[in-house]
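Following the hints, put chain D in place on chain P, whose structure we already have.
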Amino acid sequence: MRSVNAGKFSQIFLQCLLKQEPAHTIDVPGKWMQFLNAMIERVNEPGMAIQQIGQYAQRRLKHHLQPGDCLYAGNALLFSLAITLSDHWNEELRDAWAGYCTLISNTIIEAAFTATASEAA
Amino acid sequence: MTEEQITLVKRSWKIFRSIDPAIIGDVFYSKLFLDNPRLRKLFPKSMEAQYRKLTDMLDSIISKLENTDRATSQIIALAERHLQYGARPEHYSMIGEALLWTLAHGLGKDWTEPVAQAWNTCYTDVAGSMINASNKALH
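Residue numbers (this note's numbering), protein chains in the order written: chain P, 1 to 121; chain D, 1 to 139.
Isolated chain D, as found in the complex:
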């Protein structure tokens, strides 16, 4: 990610973060499960606690974007934890689609082409690191 992209992600996240995490989580997971019903069984029946975890996790990753070392160690730990929950490398593209879709709807007019590109790069980088860590742990 370029410095400019990091700034765009952080700035747009600050806007997005003003939305109620329960609403963000509800929309994100509804989109994810509707498009990929088989992922539903990896999550608890009641999703409310999960909504807060989603925004907290994103908050934490985004706050470390400039600090590659800290971000990488957190991402590896996150990938290993998610592997235990049943997440597999092929799930990351499904999650990415639902996340970008939710961001686009939440940001509205602030979801510009450069912002979309920055988030796309950000997610590709983070998911790429998580997939690598998962593959290492799996093999």
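In isolation and in its complexed conformation, chain P is listed as follows:
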């Protein structure tokens, strides 16, 4: 996967994201790719990944993060991977990626909920 053209992959990802929700205000697609890279490096350390994702979400909230975007991003990522990996994409890979995407999006959403609830308190 790392041998795939990152620019082309980002383009497919972004197109898919905007097709799902044209009103998206996604800022810098490169940031998502950077974040994704960091998460993949942490795939064997889920505890560390969760901590890092939580911190990322709290940082991004200050820049108007819309946590719902990560649901679309997860979906767009699965779609982009399926297109890019073509014949290499199978059910086992899909389940593994879907599981990791769910972990990431749930962590971002819960971190955003917790952060704004703490602010209100």
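Any given hint might turn out to be false.
Derived coverage of chain D by chain P (criterion: at least 3 residues anywhere in the stretch with Cβ under 8 Å from a Cβ of chain P; other residues may be distant) [to be verified]:
| # | region |
| --- | --- |
| 1 | 16-23 |
| 2 | 28-42 |
| 3 | 102-115 |
Hints were generated in silico from the structure; no laboratory data involved.
Backbone N, C-alpha and C define an ideal beta-carbon position, used for all residues, glycine too.
Same frame as chain P, but now just chain D:
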């Protein structure tokens, strides 16, 4: 709904309500539209005003849960209004799934089995009344 379930819904709503309505709305509608893309066209392009309306509407329904008559008349009016916006009886189960999913994520450890059951009953009752009112208006 039992009295105990009403208490559970009200208590958990109070916790949930401390979350920023913009974040609640963003997560709820993202989940709803991702799972049911064809519902997106029933809503305006810019959703920000909708986020506040969602929490205000839930606030209002939950505050009247003990008072069946007041709740019912409000629910009928709500169903009729939503019918004009294009909401149909079959949409209520989709909305219910997204709502319970959002509540579960927002409440975290406070989303216990009895709380989940209470919300499920609450939504089934409210949606049931709205579906009946919609069906009456449609036929």
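Cross-check of the supplied hints:
Residues of the region 16-23 of chain D lying with their CB closer than 8 Å to a CB of chain P number 4, which satisfies the three-residue condition for coverage. Figure legend: the region 28-42 of chain D, annotated as covered by chain P; annotation consistent (8 residues with Cβ-Cβ distances under 8 Å, at least 3 required). Coverage of the region 102-115 of chain D by chain P holds in this model, with 3 residues showing a Cβ closer than 8 Å to a Cβ of that chain against a need of three.
Checked against the numbered hints listed earlier, the structure breaks none of them; every hint is satisfied.
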